[in-house]
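Enquirer: Chains as they are written, first to last, in my numbering: chain A, 461 to 905; chain B, 6 to 197.
Bear in mind the hints are in silico, worked out from the structure with no lab data behind them. Treat the hints with care, since some could be wrong.
Stated by the list, open to error - So, partial list: chain B residues that the calculated Cβ filter (under 8 angstroms) puts toward chain A:
| id | residue |
| --- | --- |
| 1 | A35 |
| 2 | R46 |
| 3 | M49 |
| 4 | R59 |
| 5 | V67 |
| 6 | W70 |
| 7 | H97 |
| 8 | I138 |
| 9 | R139 |
| 10 | E143 |
| 11 | L145 |
| 12 | Y157 |
| 13 | W179 |
| 14 | E195 |
Glycine residues also receive a C-beta, built at the ideal position from the N, C-alpha and C atoms.
One letter stands for each residue in the lines below.
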Amino acid sequence: MTINDRDALVRLAISVPETAVAPADLADSIAVAIRATKQNRGLLRLGRLGWLPRPNRSFVALALLLLAALVAFAIALSRPRLPAHLLSEYHGGPDRTGIMVGPGPAGVPKIAWDVSRPGALPFTTMPLVQDGRVYVADASGAIAALDAATGTNLWPSRSVGAPVRGTPALADGLFIVGTDAGDVVALSTMDGAQAWDKSLGGAPISASLLLADGRIFAASEDGTLAALDAVSGAIAWKISLGAPVLHGAALSGGVLYVGATGGRFFAIDADTGHQRWNPVELGPGGVGTPAVANGAIYVGSGLLTNTGAIHVLSVGDGTAQWSWETPDQRLVHPGAVTDRILYVVSDDGNVYAVDLATHVPRWTGMTHGALGTLASLVGNALYVSSADRTVYAFDATSGANLWGVPVIGVPTMGAVVDGSVFVGTALGHVYAIRDPAGESTPAGS
Amino acid sequence: MIAGARTSTAPASELLLGRAAGGDAAAFDALIRPRLDKLFRMAMAITRSEADARDAVQEACVAAWRQLPRLREQDRFDSWLAQILVNACRAHLRRQRRAEVREIAVDGSDDAPAAGGFGTGGHGEQIAEVEAIRRAFERLDPDVRALLVLHYQEEQPLAEIARTLGAPVGTIKWRLSNARKALDRALKVERR
């Protein structure tokens, strides 16, 4: 073979024929993605200073940059510092501590609006709120953006074609959902148009999505755990945990913590998908959504069985530090956690404020139905959704019952923001609960 | 230029570029659509996977949209876009390389074109040789793949490759020679 022949063969082997064309929907996907993406304009365009002599251009540019930096610094100082993603995903943020941005409603709130959706909102989901809009996805696959003030649907009718049972996530102008068909689907927050759709393999994605550092982490019922770029949907890595994942992960310090049915609990490097430490066995049954705080992981085990416990593990190596059970070993979840108290919700209908120093409950709050959802904590108020079809608020310090608002259907966890609690229910209602006078409690914990 | 010797793409209109740089998404869409097939083929050639090519093109277009207001030389739009795409493909392949130790291949990794899919139509030996080269190519480092695709598929002159990859012409010449040698070594491994 001559050199020229060789080059021709290499060209033939490497080249993609001109008959190959881009997938038909790619242009539309890109169009939706760019409409949801802000351009990077920098602080100024030097080209506009062309009328100045060159030395002056540099001087003026530098002066303007300094001025802009000073203005930005002053604005940053004058604004309240709110975590950027607190109501962009399940349970308040990637560490799943349940602490929400708030503020919550003051006084004894009432239902401000009640919107009916075509499908159920399972207790594993939660409405998301951003920029005055409430985003919901239901078990019929219908998706909506509701005006937070009035409940009016702001989008045309939208569906992802398969039930949504876990909580979606809001990222970079996209509302991202996991479906029972095994797809992760991103929709533009502007109008609900589909931006991208990525299959994880076909098994249902019932665990809530997790958003952190521009990535979406999704787990499915065949044990797949994947990291996707939030803007493009590109899969960065995908692993198998070997058993169904029914509840979502928590993330802290660049590590994902997630449990699988069968009781195995994993620590996965969020950047690479590699295991950080060997899986920990938490006993039979399923593992709930963990919370990460105070250098520890708080996670409930025993789901799908009749006995449960909260395990407290070291984030460093998964070593068991202590555990906690109700007197009759009922199912329990880490409802919310601060630096002093772990608020445990149980299917015995009680919420237990467990002191992290003594491991003894400081108080016990009672409802009349199982507590299957996690709790929301804002300031000194703990919000709990009970299977007795009531949304409750407890004083987080004393355990006093502040109020209870009945709803139609078992409520989801509440999204607490802007003086309101937004909940969905298993009978397809979405509610805004707020003080009719518009008062709210202080935010922060 | 993205428009290689075999395929022509109209130069980006100054008007469209100006509007797109000013935040007009429809103008950007009008710029991208006629280039999409070309971009996709380039990404397919580097990544060897339709799914990965799709991801890389989408990533590149979103990155280009973000950075467009900072593009100073608008007449270089096509080579600038090609540079972003090549970087997206390289990043994508590197992420995949890291994923090789994982339990599931990132989707689309089995979507490489089938044997004979490129219309070889030659003698049996040559078809076997083309297949061997194709497999050898897939063994190469992402940077080497990108360089070979720009040279063999895009038929870019050295100066254009240098602009796309952001390196001096002399360096590109040396790297191209090394890339050919790397392909030869990979081919020997394939023939064992």
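Enquirer: The structure should be examined with respect to each hint, and the outcome stated for every one.
Expert: Now for the hints, and whether the structure bears them out:
1. A35: At about 10 angstroms, which exceeds the 8 angstroms cut-off, the nearest Cβ of chain A leaves the hint on A35/B violated.
2. R46: holds (4 angstroms)
3. M49: Holds. Min distance 4 angstroms.
4. R59: holds (6 angstroms)
5. V67: This hint holds: V67/B lies near chain A, its Cβ roughly 5 angstroms from the closest one there, short of 8 angstroms.
6. W70: holds (4 angstroms)
7. H97: holds (7 angstroms)
8. I138: With Cβ-Cβ at 4 angstroms, under 8 angstroms, it holds.
9. R139: holds (4 angstroms)
10. E143: violated (10 angstroms)
11. L145: Check failed: Cβ of L145/B comes no nearer than 10 angstroms to chain A, outside 8 angstroms.
12. Y157: At about 4 angstroms, which falls below the 8 angstroms cut-off, the nearest Cβ of chain A leaves the hint on Y157/B intact, so it holds.
13. W179: Check failed: Cβ of W179/B comes no nearer than 18 angstroms to chain A, outside 8 angstroms.
14. E195: violated (11 angstroms)
The structure fails hints 1, 10, 11, 13, 14 (numbered hints given earlier, in ascending order).
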